[in-house]
Amino acid sequence: MNRESAVNLLLALLLIGVPLIAAGMGEPFYVTLATRVVVLALAAAGLNLALGLGGLLSFGHVAFFGLGGYVAGILATHAFNAEPLFAGIPGTTFMPLIWLVAVAVAGLVALPIGAISLRTTGVYFIMITLAFAQMIYYFAISWPAYGGEDGLSIYVRNAFPGVNTAKPLPYFLVCLAVLMATLLLFRLVEGSRFGSALQAARQNGTRLAAVGIPPFKIRLAAFTLSAMITGLAGALYADLNRFVGPSMLSWQMSGELIVLIILGGKGRLFGPVAGAMIFVCLEYVLGGITERWQFFLGLILLVIVLFARGGLLGLLSGKARHV
Amino acid sequence: MFTALLIEQLLNGLQLGVMLFLMAAGLTLIFGVMGLINLAHGSLYMVGAFACATIAAATGSFWLGLVASLAAAAGVGALIEVAVIRRLYDRDHLDQVLATFALILILSEGARWLFGSFPLYLDIPRQLQGAVPLPGGGQYQLYRLAIIAVGFLVAIGLYLLISKTRLGMRIRAGESDREMIAALGVDISTLYTVVFALGAALAGLAGALVGALQSVQVGMGEPVLILAFVVIVIGGIGSIKGALVGAVIVGVVDTMGRFLLPSLLALTMPAAQATTIGAALASMLIYVVMALILAFRPSGLFAAET
Chain A
42 MNRESAVNLL LALLLIGVPL IAAGMGEPFY VTLATRVVVL ALAAAGLNLA LGLGGLLSFG
102 HVAFFGLGGY VAGILATHAF NAEPLFAGIP GTTFMPLIWL VAVAVAGLVA LPIGAISLRT
162 TGVYFIMITL AFAQMIYYFA ISWPAYGGED GLSIYVRNAF PGVNTAKPLP YFLVCLAVLM
222 ATLLLFRLVE GSRFGSALQA ARQNGTRLAA VGIPPFKIRL AAFTLSAMIT GLAGALYADL
282 NRFVGPSMLS WQMSGELIVL IILGGKGRLF GPVAGAMIFV CLEYVLGGIT ERWQFFLGLI
342 LLVIVLFARG GLLGLLSGKA RHV
Chain B
249 MFTALLIEQL LNGLQLGVML FLMAAGLTLI FGVMGLINLA HGSLYMVGAF ACATIAAATG
309 SFWLGLVASL AAAAGVGALI EVAVIRRLYD RDHLDQVLAT FALILILSEG ARWLFGSFPL
369 YLDIPRQLQG AVPLPGGGQY QLYRLAIIAV GFLVAIGLYL LISKTRLGMR IRAGESDREM
429 IAALGVDIST LYTVVFALGA ALAGLAGALV GALQSVQVGM GEPVLILAFV VIVIGGIGSI
489 KGALVGAVIV GVVDTMGRFL LPSLLALTMP AAQATTIGAA LASMLIYVVM ALILAFRPSG
549 LFAAET
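Chains A and B, in that order, are what the protein sequence lines are.
Counted from 1, the first sequence has number 197 at position 156 by the numbering used here; the numbering is strictly sequential.
Counted from 1, the second sequence has number 358 at position 110 by the numbering used here; the numbering is strictly sequential.
A portion of the hints provided could be inaccurate.
Reference excerpt, derived from the structure (chain A facing chain B, CB under 8 Å, subset only) [unchecked claim]:
#1 160
#2 165
#3 167
#4 168
#5 169
#6 176
#7 179
#8 183
#9 184
#10 296
#11 335
#12 339
#13 342
#14 347
Here are a few chain A residues that sit away from chain B, every Cβ distance over 10 Å (derived from the structure) [to be verified]:
#15 47
#16 120
#17 202
#18 222
Hints were generated in silico from the structure; no laboratory data involved.
We treat Cβ as the ideally placed atom computed from N, Cα and C, and that holds for glycine.
Here chain B stands alone, though its shape is the one from the complex (with noise of 0.2 Å):
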């Protein structure tokens, strides 16, 4: 029963730590090509999850829902990237910060304007209703596992976009050398456009996937958003590779820090002691694994040569 109990945690933390793959990777891209810190990016994760929740609920079809939650969020990203994100990539760090945290209270303020504060739901698609066996008894839901899937497939999507396509060659470029791929005749505006819709829509996409666990609400993107910058700090900021390692070891330590740690401090002290002792340290344990990550590599586990 405990080797079940195990699998199913370790499971949840893979899936946690996809869906935070989802979100670094964006994030991880616009760093890397345009040099931005975008706080809004947990918004468009919000963005994503309510276009899903609202076209679901209008037309009953999940799979309707997460391409509308794809569109709207490469939409939102590109709208901002053109009206707001553009006037920001010569600006320094502080500015940016700024701007975004701008953008985060006018789109939650308009999430909640158009929504409502209260929470909407959405349905775990028909198709991936149901549970799987696990070695070792117990079950597990096809719905996670497909998040899973759904998260590697994406992993090597962004690995052959980057490193076999053209327009991946432009973004590596516009890594190196913007003014050099400019002088070489590549639109860099419309390149930069592109990169922060297709960050934009990754968001969003994670917003869908886990709108059907979670109940769709106004700032449910911002924890995410936070934890996704522990990803990249512990993965180095503009590395894909990174945001993929560092987000499966931040799901996966967060989510077995809270299932383990309740119990081995219970070898230790009273069972009733040790759950809220174990609790509060396992919602410290990812910060504390960054921060001796960090004591060893500053620049995190897969630091971009810039």
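Excised from the complex, chain A in its bound form (with noise of 0.2 Å):
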């Protein structure tokens, strides 16, 4: 086992025992933290594919993820209120059902928004990217049926079969199975033949595309998985907090997504993971000393951008072999 593997393997068992012991304390609260930094790692896991394997970067996949937390939303809600969705079609309650149309939905939008801002590459893909984002957060707020401005409520978590997903320590345990599902097909995916091309789109497209394999289409692929991702990371959220609105849908959640890739480490198997311990824990430990936790969070990001590069994992388990 290299150093990598026992770090993440250390990670892992924090990630499952913090839970275990709260909830064994009757400290509740603390395994709710807990699943905010499993769904929150998955969100990022997702764009860590397009971002650190791609070196694509996304300034708009919050657009997916708000879009999975929507789907789950108005799923529900239709469920709750029994009126059929469209042409007949009912809502839904039953989670792995949402979780399907949340990652179509993820996938069938993120399609044409890659085709479009991979047309272009550095800084246009990153304000692209961005403007698109914005473009649903817009949408979003002027289209009354959903809430608009003040989003929707889920009355009742949806439904997992054969768990009781209204307890925080169940859900917490679905999440995590979705969480470590999703990085073995992260490992999975980038140890395969369409990893391979993907880095190597990320090194040198050019060099890609004379061995004749077209760069454009490996990373729309990329793109377009890792927004699928992200959006079931959004159902999670949105069933997490039981509700939706814009905010999941806002720029500064998008930013926040890059901040974890790059608090845990770029293109890291458990850099998602680790950034979302981080974080979370800074937003819980700061934000009780102060109202103005933004603010030293600030801080501690610019020194980390301009004097620590690598991130948590690469300070614990030295430089990684791909970059």
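Since each chain comes alone in its own frame, lean on the hints to assemble the complex.
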């Protein structure tokens, strides 16, 4: 076992152990906090595929996160009010189905956005992805059917067969299982032919094209897959808070997803997990000390960007093989 | 009556466009010369608005406030250039995005610390209150006309600065070859600070001018920043002319879309439905325009040849 695997194992044990202990001590708040870590890590793991492996600096991934959230909210609301969605299709509170729809919607929206944005590179790509996310944000605000600016409440957390999702610990375990499955998928993608092509596209697109693989297609596939994972995280996040609103589409959230990845370690398997742990801890600890915690978060982030590159995993387990 | 309304909306669009130009010009200049993407540009807009509102409230003079907004934004701009931005020129875009994102957090939360969460209000100066008659009946706010005029004056001023003066020559030289101009004995780091402060001052000016139309509050800068990004993407990064054209396109399309789409849709569907759908579609219109322009010209209308 190399050093990075050991660190990853330690992080996974921490992630599972802390909520189990907290639940045993009758502290459900910490279980919810851990669920927040897991869901944010999942969202960032999606982005990590595009950003870490593919080098695609998407500042608009929050669009997919919010769409996933709205899918969960809208389906649950229709099921709750027993109104058909359209053409007689009913809403649902069945989580696996909601996830499937969230993933499909995120993918279908990501495909055209990616196809347009990936025609450009560098700063253009950053600005365009941000602009498209903002477009969906304004659409959600000005579309009154699903709450507009006020958002949608999910009155009862959606159901997963055989699990009482209303309780913090079972819901945490459901989210954790999804995260672990996704990290496994990330590892498989990274090691696959497709993953090698994607990383080659990051390092040198021209060379990749020269061996007969079109970088555009590879990048588009990665962008879409990454959006689908982030959309799934959005559905879980909406269920965690029992609420979805335009704040799940705001550009700050996009920035925070990137921050998570950088705090943890870009392109590393457990980077998003480590990043989400640090971020939620900072939020909780700093937020407990001062109302102005974002000021200090900004300072910490600035110091990290300027002086400490590589994130927590870079610090703990040394330089990544592929960077 | 419809003509007057149409002219009024066109002028509103132009006013929005001009304000976006003030933001986009600074952004595109900073990107063109230093190769830096600056997310904190919206915060400098906010700094200008707060400085103007504070000084105008203390002295009773909008004009002193305006001077203060220029000075404060340029000062803060120069400060963060020396302290932070300077270290980012050789970094990749990811580091630039993150560091300037951190600056937004710091400046926004800092402003909330100093001024509180309640919005400040800024009065339109006495000399510019009132309205002027429009052809076709109807009136138009004199202050908004003044903003349009200021915007075009700044555009002309920037053109003269960049094409006719020694500083402009250095800026253009810095855009094309920074090693060479440094080798010729130009103090490149001072030049960068000056360009950054100039862009910051333009953003501060926009913030102060708009502050009198809307409320001055934390977070006012970021929506404008993102619109300015759309402007730059349409116009082509690094081009002042592109920023002007893009800004006018975005301003007019956005305003006219909000004005015309609901009435156009009302021809085919019930009025209440037309209003909601029209408003929702209008909010997406500029992004659709951006996507269309990019489909034909991936690097914008007036991309600088680099």
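Consistency of the hints with the structure:
1. 160: Constraint on residue 160(A) satisfied, holds at 5 Å.
2. 165: At 6 Å from the nearest chain B Cβ, residue 165(A) passes the 8 Å test, so the hint holds.
3. 167: holds, 6 Å
4. 168: This interface hint holds because 4 Å falls under the 8 Å limit.
5. 169: holds, 6 Å
6. 176: holds, 4 Å
7. 179: holds, 4 Å
8. 183: Check passed: Cβ of residue 183(A) comes within 5 Å of chain B, closer than 8 Å.
9. 184: Since the shortest Cβ distance to chain B is 5 Å, the answer is holds.
10. 296: holds, 5 Å
11. 335: The hint holds - residue 335(A) has a Cβ within 8 Å of chain B, the shortest such distance being about 5 Å.
12. 339: Holds: closest Cβ of chain B sits about 3 Å from residue 339(A), inside 8 Å.
13. 342: holds, 4 Å
14. 347: holds, 6 Å
15. 47: About 27 Å separates residue 47(A) from the closest Cβ of chain B, which puts it past 10 Å; holds.
16. 120: holds, 24 Å
17. 202: It holds; residue 202(A) is separated from chain B by about 36 Å at its closest Cβ, greater than 10 Å.
18. 222: Since the minimum Cβ distance to chain B is about 28 Å, residue 222(A) lies beyond 10 Å and the statement holds.
The structure agrees with every numbered hint stated previously.
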